[in-house]
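> One letter stands for each residue in the lines below.
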Amino acid sequence: MAVSDDIGRIVENHPGAGRDSLIGILQEVQEAEGYVSRDAVARIGQHLGLASSKVYGVATFYNQFRFNPPGKFHIQVCRGTACHVLGSKEVLDAVCRELEIAPGQTTRDGLFSLEVVACIGACGQAPVISINGEFHAKVAPKKVARVLAQYRKEADNERD
Amino acid sequence: MSATSPTMTTGAAVDLEMPGATAGAPLGGLAPEDMAAVRRDTLTRPAIYVGTGTCGLGAGAGRTLEKARAHLTESGVEADLVEVGCIGLCSAEPLVDIQMPGRTRVSFSEVTDKKIGGLLDQVLAGDLPAEGVLGQHRNGGQEPYPDVPFLDEHPFFRPQTRWVLANCGVIDPEQIDEYLARGGYSALERVLASHTPDEVCTIVEASGLRGRGGGGFPTGKKWRFALRGEDDEKYLICNADEGDPGAFMDRAVIEGDPHRLLEGMAIAAYGIGARKAYVYIRAEYPLAIDRLETAIAQAGARGLLGTDILGSGFDLELVIKKGAGAFVCGEETALIASIEGRRGMPRPRPPFPAVSGLFGKPTIINNVETLSNVPGVLSRGAAAFSALGTEGSKGTKVFALSGKVERTGLVEVAMGTTMRQIIFDIGGGTRNGKAYKAAQIGGPSGGCIPESHLDIQVDYESLKEVGAMMGSGGLVVMDEDTCMVDVAKFFMQFIQSESCGKCIPCREGTRRMLEILERITSGRREEERHDTLHRFKGVMYMERLASVIRDASLCGLGQTAPNPVLSTLRWFRDEYEAHIFERRCPAHVCNELLTFEIDAEKCKGCGLCAKQCPVDAIMGAKKSPHYIIQEKCISCGNCLSVCNFDAVTVN
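In order, the protein sequence lines correspond to chains A and B. So in our numbering, the last one in the first sequence is 160, and the numbering has no gaps at all. So in our numbering, the last one in the second sequence is 1651, and the numbering has no gaps at all.
Honestly, the hints are just simulated from the structure, not real lab data. One should not assume that every hint holds.
Unchecked claim - Label pairs and their computed distance ranges (CB to CB):
#1 S1109/B with E115/A: 25 to 35 Å
#2 G1132/B with D160/A: 38 to 48 Å
#3 G1117/B with A149/A: 39 to 49 Å
Where a beta carbon is used, it is the ideal one built from N, C-alpha and C, also for glycine.
Could you build all of it, start to finish, from the sequences and the hints given here?
Here it is as structure tokens:
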């Protein structure tokens, strides 16, 4: 199974690792698989000699880790201060309305997932959203539908 | 690295061949005549610089770069295409500079992928366009263009003193030679050759450099605590976990000039006797991490990091740790817990990290800007550094200017500059002629500065006097359309979700405080009598609750958590009162307190609002004006945001 191979490979890259490698390993797993699965938590714990509960405790503390598979396009809406005063709440609402999901959820077709992040650090271009790491600057709520349509089209083209 | 060598090699004890101050092998094996070429003082072919920091990429610099490359190949022009960091003027991104052989380098603003082709054709033919010229650099010995203003005369740059940002947006951050050619790593070389760690601490102390991450603790004094420690293992940590929403100084410095940070870290590590250093950086900054990794590899290859640096016997191993997104990890002890692989929760101090920190060893934590100041302190000398600034605050401070201001970006000013200068001279004032309301400084721990206090100087102490704080440098400008109660609520939401939950005043107190603010801003459509009572009770107790949170919380996050509320309450009490007593939001932001109406003159009857209304409160026949049934309306604001004809009005 390809899924467990990833975890095995990552864990093997950290021979004799101690607890201080835990967050790094979790990050690598999430990067490879898109999220931290139950299986991953257990196997990382085994490798580091930590109880699964400890691994899970650390993973849930940090905002970065997800426990559900993300969509094909992962949308991050920045809710930093600069974005907030320039209307990122309305942008977030527009994304939710357009996709009919709440932050933290994935659309039924598995195409989009939505995450709210504290600050992307592109405050000069606020409000900002990032889709699969690609930044969209100065996004107005009315532009959201058009931006999302582009990605939908991209997915359609790939399918054909 | 061996863990056995117990003492630090001091400058006096260096018995190896010392690189002389003037002669000897140049750093990194670069001859002086090569330096000029690396600095691009003299060009043999045109050079095109594209600013590809995160904000530049956001504005489309990636597409501009691609297009420029394709255009050059197509037209068969021999030219260098250089990726540089961010020069700081984010609102004019994407920024492109073009330098012709023998001429000065000229910056152009808002060069999108559509414009780049034409611009290249024109400039490479020796002509400058009439529009979009930002200014020309001062390149000594090169022929300036007549009638083109110099970049340092531009209102955005003129009032600035760029020490930390000197190279940002000018050099290619992925080429160590460019940093070396501008005198990079010479401070480290001199320190290793002729100063003891004790002397380094003394110089930094004398310079008056204070922590730029928020607290403002004297850096040299902090280093000395760790230097005095007897342990054989000590650690240096660079805090690049820029969690303050609305701040991006650290990101820009690392993306634009990573070697300056590395040099500062090497000097700091030498000064405290550490042989291992960590950079704790946010995982949200992939580009900065990338550039930092490249820089570390390059510095290692040149013998500027690693074992036996420049033959001095001093070793330094540098490790990047990616933060996983927790604001509380900006707190020193929480950051240490996070590096150790635990939940990022703070612990009571003392013992301070300088005595017992990472893995129980003496640890010094400095932020990116502090460490990036260090090479300058050493190369300029303590006296020159402390000549700039105010009584208690020396040197410069970098701000991330954003929000409702004409020119946003990265600004570095001398301490003592007034807020008015930063916001109105550098930032160009508010947008669209709106009235200035406040500037929020210091993020969730800070406060806001009203119009009446704009002449306050940038200085650790004077900012505290008005209930704000220096913080890490986020500066968000707000105009008349920003509701200050909403801003306070925003920060409280942030703090509430970022509170680690260890101590009760912060965990419970911030939640109660958020509830109070939510009651103030919620509508009265479904309000019953006891809700009104709760609302007033909350208002009565808010200030007392704030003082409990401040006095009883474990760490800085909790202790400063009430600041945004206290500060907005102090300067904008009238707005709170309008929300509480009159049940209206003067800035028209708090949706639930607003009534929405459709202007029959403007409404085209497209029906979009009716389709988006979640409670079917909008009626009207197609192509004739619609209207809102107020009894049904829940004030969600959907109609306002979807209307393409500005027909929805609020009151």
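> With reference to the structure, classify each hint as holding or not holding.
Outcome of the hint check:
1. Range check, S1109/B to E115/A: Cβ separation about 32 Å, and the 25 to 35 Å hint holds.
2. Look at G1132/B against D160/A: about 40 Å separates their beta carbons, and that is inside 38 to 48 Å.
3. In this structure, G1117/B and A149/A break the distance hint of 39 to 49 Å, their C-beta atoms being roughly 27 Å apart.
Hint compliance for this structure: hint 3 alone is broken.
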